[in-house]
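A.B. asks: Model the full structure from these sequences, guided by the hints.
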Amino acid sequence: MNRWRRGPAPAAATGPDPGPFVMEFRGVGFTYPGPPPVTALGACELTVRRGEFLTVVGPSGSGKSTFLNLAGLLDVPTRGRYLLDGIDTGGLRERERAALRGRRIGFVFQSFHLLPHRSALENVGLALLYTGVPPAERRDRARAALERVGLGHRLHAPPGQLSGGERQRVAVARALVGRPSLLLCDEPTGNLDSASAAAVLSLLDGLHRAGMTVVVITHDPEVAARGGRTVTIRDGRLYERARPA
Amino acid sequence: MAAAATRMSVRDVLGEALAGLVRRPGRAVLTGLGTVLGVGGFVVVLGLTATLSARIDGRFSMLTATEVTVEDVAAQRDPYAPPAFPADAERRIRVLAGVEHAGVHWQVRPSPPVGSDPVGSDPVGSDPVGSDPAAAGPAVVAASPEAVLAMVPRLQQGRLYDDFAERTRQRVVVLGGGAAARLGVTTLSTRPAVRIGGEMFAVAGILGDVARQPENLLAALVPRATAAELWGPPGAGAARMLISTETGAARQVAALAPVALRPDRPEFLRAVPPADPRRLRAGVGADLGVLFLLLAGVCLLVGAAGIANTTLVAVLERAPEIGLRRAVGARGRHIAAQFLAESALLGGLGGLLGMSLGVLAVTGVAVARGWTPVLSPAVLAVAPVVGLVTGLLAGAYPAHRAARVEPAAALRR
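Quick note, the sequences are listed as chains A and B, same order.
Here the first sequence stands for residues 16 to 260, numbered as in this note's numbering.
Here the second sequence stands for residues 9 to 421, numbered as in this note's numbering.
Keep in mind the hints are simulated off the structure, nothing from the lab.
Label-pair distances were calculated between CB atoms; the ranges are:
hint: 1; chain 1: B; residue 1: V30; chain 2: A; residue 2: R110; range: 23 to 33 Å
hint: 2; chain 1: A; residue 1: G105; chain 2: B; residue 2: S17; range: 27 to 37 Å
hint: 3; chain 1: B; residue 1: V18; chain 2: A; residue 2: Y254; range: 45 to 55 Å
hint: 4; chain 1: B; residue 1: V37; chain 2: A; residue 2: D103; range: 47 to 57 Å
What the simulated footprint calls covered on chain A by chain B, stretch by stretch (three residues with Cβ under 8 Å from a Cβ of chain B suffice, anywhere in the stretch; the number is not a length):
hint: 5; region: 79-93
hint: 6; region: 128-134
hint: 7; region: 145-155
Which bits of chain B does chain A cover? Going by a derived footprint, with three or more residues having C-beta under 8 Å, they are:
hint: 8; region: 27-40
hint: 9; region: 328-340
hint: 10; region: 413-419
All residues carry an ideal CB built from backbone N, CA and C; glycine is no exception.
C.D. replies: Spelled out as structure tokens, the structure:
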């Protein structure tokens with residue numbers, strides 16, 4: 016058990032070769048049982064390659080949240096197969112799904128979800144709490160992650176003393192600290208002014224250029240345009256259009 | 009196996025729980041208040057009960073643990089037997105080790121009864137023998153000087169009669185405080201006398217108080233030999249011997265007294281030893297303890313309900329935090345462990361604080377009343393544990409709920 020101290024590095028995975036795809040949706044769909052049953056996401060085919068920057072765009076109520084929950088292993092698809100790092104997540108028990116979430120996915124949320132009474136360092140370290148990393152190493156890695164997002168000088172500030180942009184950068188640091196295969200961002204700029212939004216987006220750009228696989232879910236076409244590839248969700252269906260050159 | 013299962017060390021569980029508490033001290037204090045009061049009440053009740061029992065026990069033991077009464081049961085054994093106490097009973101009993109004072113006493117019924125008529129008034133009493141002495145006047149008790157001493161008397165005025173008065177059968181009387189008031193004897197400076205059974209008795213002293221046989225405060229005490237000479241020996245079964253002993257000697261003295269007094273017919277006498285102090289203490293403790301423990305239990309129950317309620321509210325309020333923890337790999341049991349640890353810690357700390365306050369309260373009350381505070385070390389050791397267990401029990405349901413929070417729904421908030 017102790018061999019697994021960290022998730023695989025984004026590009027060069029340790030252990031068996033996880034293949035070229037980080038995410039594979041093979042006919043994945045989700046239907047709320049009802050009554051009456053409501054299909055939030057129809058059968059979707061989607062693959063995300065290692066190192067890709069994908070944006071998922073769509074109006075509210077289109078099924079974006081359902082997509083996020085399925086991609087983030089927060090919900091179980093009612094149909095199809097979802098492979099994360101080549102691992103078929105169907106039939107996994109909850110403890111295994113929790114382990115996959117903790118080690119291979121980094122989440123960034125619109126409302127940051129920082130613990131209000133804990134310092135930035137503690138908030139980032141929280142992402143390593145359940146992965147068996149000893150406390151001293153947690154602190155070191157959290158400090159490194161905060162320095163990477165440009166917050167090396169705000170290590171001990173609680174979220175209340177940080178600006179919106181700084182809070183989201185703490186959240187990004189928390190998502191990065193576990194060295195995940197996939198960075199899953201849900202409206203990362205939704206609560207930010209345009210300057211802070213630009214800073215967070217350029218941070219994500221930089222991570223992508225360094226090899227991180229980034230999936231951003233947004234309803235903002237401007238944010239969507241930052242991705243190397245964009246898919247649209249409308250009425251529970253995924254559409255992909257080749258970007259004009 | 010998709011990936012090594014996530015886990016959480018005990019240290020991390022406690023660390024997260026502690027962080028959750030100290031970062032919101034106000035809420036923690038309010039939540040723990042119920043346990044503080046419950047455990048505090050528990051300690052106060054047990055402490056005060058123990059303090060009071062010890063005090064009651066102390067009173068009992070001071071008075072009764074050193075007191076032995078010997079009764080004359082000769083008439084029950086042999087209807088023709090003379091009074092069982094020999095004339096030199098006091099000399100005989102003093103042979104026993106541990107006897108402080110011992111003397112024979114009995115109530116006499118002189119005719120006419122006691123009066124304080126001035127000398128020269130009509131000396132003829134009209135009350136027949138055997139009429140109710142209380143109705144007629146103060147009771148008259150024949151008591152040897154040693155018997156009076158065994159009552160632990162406190163003189164208000166004058167002095168007690170001594171062996172010389174006994175030997176020479178003097179007409180002297182020591183009045184109980186109540187009897188003196190009834191007879192209108194307020195001062196000895198006028199050398200008052202009272203009439204008992206037609207004889208004039210000089211008042212030697214007035215008793216302010218007696219520790220044993222307080223009924224004698226309403227009686228007139230006359231020397232035993234004087235009474236025997238004037239009114240004859242005590243009736244069948246009327247005489248008793250009162251013995252005051254050194255601490256711890258009472259049961260021994262009681263066992264030996266009949267043989268020491270009447271080696272020929274020890275069965276004519278029955279010695280009544282004091283009650284076993286250990287049994288007495290247990291009795292007092294149990295009576296008070298059960299009721300008060302019940303009250304403390306109710307306090308604790310209220311405290312537990314408080315913790316359960318607040319923790320449950322906290323679970324609902326902290327749903328986003330739970331969702332986030334689940335997103336970074338926590339399993340339901342990790343969440344449950346954290347909330348359980350929080351409420352257990354809160355209960356334990358509340359118990360510790362409640363215990364401290366309880367000890368302060370017990371000590372304060374005892375000091376204010378001039379009592380000796382008595383607290384069992386077991387109570388002090390158990391109190392924080394009681395708080396901890398209360399917290400654990402109270403946190404069980406909220407923790408269960410926290411473990412079942414759906415992360416997807418919680419994160420959308």
